[in-house]
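Undergrad: Top line first, the protein sequences correspond to chains A and B. Residue numbers for the first sequence follow this note's numbering, beginning at 1 and rising by one. Residue numbers for the second sequence follow this note's numbering, beginning at 1 and rising by one.
Just so you know, the hints here were simulated from the structure itself, not pulled from any lab data. There is no bait here: all hints are sound.
For identical chains, the list gives no copy identity; a pair is met inside one copy or between any two copies.
Pairs of lysine-lysine residues, derived as DSSO-like cross-links and limited to a Cα-Cα distance of at most 30 Å, are as follows:
no. : residue 1 : residue 2
1   : K325      : K235
2   : K132      : K238
3   : K333      : K163
Since the structure is predicted, the reported quantities are computational estimates derived from the model, not experimental observations.
There are 2 protein chains.
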Amino acid sequence: MKLPRVSRWVTLVGLLVLAGALAPATTALAKDDPLPSWNDGAAKKAILTFVQRTTEESSAEFVPPAERIATFDQDGTLWVEHPMYTQVVYCLDRVPAVVEAKPELARVEPFKTVLSGDHEAIAKLSMDDLSKILAATLTGMSVDEFAAEVEKWLATAENARWKRPYTRMTYLPMRELLSYLRANGYKTYIVTGGGQDFVRVYSEQAYGIPPEQVVGTAAGTTYGYHENGEPFLTKEPKLLLNDNDAGKPEGIHLMIGRRPRAAFGNSTGDRQMLEYTGAGGGARLMMLVLHDDAEREYAYGPAQGLPDTKVGTFSQALWDEAKKKGWVVIHMKSDWKRIFAFEP
Amino acid sequence: MKLPRVSRWVTLVGLLVLAGALAPATTALAKDDPLPSWNDGAAKKAILTFVQRTTEESSAEFVPPAERIATFDQDGTLWVEHPMYTQVVYCLDRVPAVVEAKPELARVEPFKTVLSGDHEAIAKLSMDDLSKILAATLTGMSVDEFAAEVEKWLATAENARWKRPYTRMTYLPMRELLSYLRANGYKTYIVTGGGQDFVRVYSEQAYGIPPEQVVGTAAGTTYGYHENGEPFLTKEPKLLLNDNDAGKPEGIHLMIGRRPRAAFGNSTGDRQMLEYTGAGGGARLMMLVLHDDAEREYAYGPAQGLPDTKVGTFSQALWDEAKKKGWVVIHMKSDWKRIFAFEP
Numbered sequence: 001m002k003l004p005r006v007s008r009w010v011t012l013v014g015l016l017v018l019a020g021a022l023a024p025a026t027t028a029l030a031k032d033d034p035l036p037s038w039n040d041g042a043a044k045k046a047i048l049t050f051v052q053r054t055t056e057e058s059s060a061e062f063v064p065p066a067e068r069i070a071t072f073d074q075d076g077t078l079w080v081e082h083p084m085y086t087q088v089v090y091c092l093d094r095v096p097a098v099v100e101a102k103p104e105l106a107r108v109e110p111f112k113t114v115l116s117g118d119h120e121a122i123a124k125l126s127m128d129d130l131s132k133i134l135a136a137t138l139t140g141m142s143v144d145e146f147a148a149e150v151e152k153w154l155a156t157a158e159n160a161r162w163k164r165p166y167t168r169m170t171y172l173p174m175r176e177l178l179s180y181l182r183a184n185g186y187k188t189y190i191v192t193g194g195g196q197d198f199v200r201v202y203s204e205q206a207y208g209i210p211p212e213q214v215v216g217t218a219a220g221t222t223y224g225y226h227e228n229g230e231p232f233l234t235k236e237p238k239l240l241l242n243d244n245d246a247g248k249p250e251g252i253h254l255m256i257g258r259r260p261r262a263a264f265g266n267s268t269g270d271r272q273m274l275e276y277t278g279a280g281g282g283a284r285l286m287m288l289v290l291h292d293d294a295e296r297e298y299a300y301g302p303a304q305g306l307p308d309t310k311v312g313t314f315s316q317a318l319w320d321e322a323k324k325k326g327w328v329v330i331h332m333k334s335d336w337k338r339i340f341a342f343e344p
Numbered sequence: 001m002k003l004p005r006v007s008r009w010v011t012l013v014g015l016l017v018l019a020g021a022l023a024p025a026t027t028a029l030a031k032d033d034p035l036p037s038w039n040d041g042a043a044k045k046a047i048l049t050f051v052q053r054t055t056e057e058s059s060a061e062f063v064p065p066a067e068r069i070a071t072f073d074q075d076g077t078l079w080v081e082h083p084m085y086t087q088v089v090y091c092l093d094r095v096p097a098v099v100e101a102k103p104e105l106a107r108v109e110p111f112k113t114v115l116s117g118d119h120e121a122i123a124k125l126s127m128d129d130l131s132k133i134l135a136a137t138l139t140g141m142s143v144d145e146f147a148a149e150v151e152k153w154l155a156t157a158e159n160a161r162w163k164r165p166y167t168r169m170t171y172l173p174m175r176e177l178l179s180y181l182r183a184n185g186y187k188t189y190i191v192t193g194g195g196q197d198f199v200r201v202y203s204e205q206a207y208g209i210p211p212e213q214v215v216g217t218a219a220g221t222t223y224g225y226h227e228n229g230e231p232f233l234t235k236e237p238k239l240l241l242n243d244n245d246a247g248k249p250e251g252i253h254l255m256i257g258r259r260p261r262a263a264f265g266n267s268t269g270d271r272q273m274l275e276y277t278g279a280g281g282g283a284r285l286m287m288l289v290l291h292d293d294a295e296r297e298y299a300y301g302p303a304q305g306l307p308d309t310k311v312g313t314f315s316q317a318l319w320d321e322a323k324k325k326g327w328v329v330i331h332m333k334s335d336w337k338r339i340f341a342f343e344p
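So that you can see chain A by itself, here it is in the shape it has in the complex (with noise of 0.2 Å):
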């Protein structure tokens, strides 16, 4: 069809401006929905509904953006934690580096256990056992040392069930409300049981949380200075925070010094972070997240029937009190419709 030329040009303008309709309305629809890998259901909602709550200036329960303080676990909260800790299996890595340097270890437990590869042995450690292990490979050289080694350790080892480096053992849907929390202001923390020198390694890669709002259990360091009088940090066996339990509420006083306004855990050790959250007036938000998928990740509890476990417990007295005080469980199972950045 050939038009007359002032046509075509209506038609031109015609198309631009339908293009121009169309393409706000398909960006309006992805901002609409910030957490696209969450179905729609209780826990999606109560995340919108708290962000609008504490965000939107004419709500009686505005809170400005200095306190806006969102606090979360890390293993079971934001990247997968079983069948063991990551930090765990680089410290059993690491052994054989650590049995190199001091030989006379080979020949004592439980490193001689760890050097046998014989993971039903491994699996079957003590905490007593475990806690040697830590203290060899996670303490005594510096802390420049220590970040480089995790560094090239977390280049190349991988996750064996996903055959994926760890960093990208993440899940997609906490990656996101973490993206959607900063994008209104809030400020977000990790405050995990794990090492806070180890996950700062790879905080700001993994979910874009800078070192310095990684709280951890941490042990303390010495000063000191190498023969050409350069000083150094020495990490030290002598332990400063548990972050676990009581310790998560002591941990964000110490490091943070405001209460959360949002918290979010998994397991038995992020009760009392989740109460002490809870226990600030105004808005406050506080989740839990159920490991209920066998099939896309793991299932366990022993927290409605599941499967009982040590590592990231969630009991049966975890779930009653989140029933009393209005905390709202994400289960994964139903809420997440993609768990990984890379399911198809």
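With chain A's structure known, arrange chain B on it following the hints.
TA: Frame of chain A, contents of chain B only:
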């Protein structure tokens, strides 16, 4: 003079152009001097050069915004510390209330001496005596009760020499420096030998520094429950971090997890923080405030023959290390045009 119509317009346009040309010039002048309370000199120049070198994208020493960390000692660096640290004045002022709650203390030293009001005797109290007073006035209460007490005290207490609230005893040139660094993407931290919980009460108001960016001497807390089940944190007399000397870099690692790009202090207690900062690669700025202005503030060292002091000692050894390592000494007397905002 009655101009023809067109000419009148031309003149008006000319005046507007002139005004336009002047207006930006005025703005540019204000913008060009972000440190108006500093005299031109080596100190001011060092600051301006450092910021330029680390923030201009074309600079070989450009520092990514995330790594722009600047740490400031408080007492003697950001506000007056003579004749006695403000926090010690607070603790002495709190003694009557502590004795009211525990009347048996009235007959026990050092409380008896403090209650006597004998300034000479109080000034002679030993470090051990002071420790007892600090423990009695800084621990044993909930963190919320403590913050409320400090806030109440700050609202009425006054510096004895200037008859002003303590939060107005801040150094204007240093507040300009804080603002200038922040305007250039630096995250500003206080790293103080003072109590972390004490400084956090007023850091936002006095310096624009939020509580989570205050690192200080810190004691542990214990999580517990009121009878109604509400949780709270009690301040315990258990030292976690003595944020002085080597404790400053140790505290920076614990609470921030990054090496600062710039560090500011005024006494031997800041030496290790400046050493640690300077030992990093690339452009770094280390500065020390020297109190050499007995007339407008105080004069103490004993560096450079200034009177000796136990409060904020600037030793000759520190002076020598500064000169050797290229740390910049801020001479209060010659570098600061104004010291306090309330000066005429």
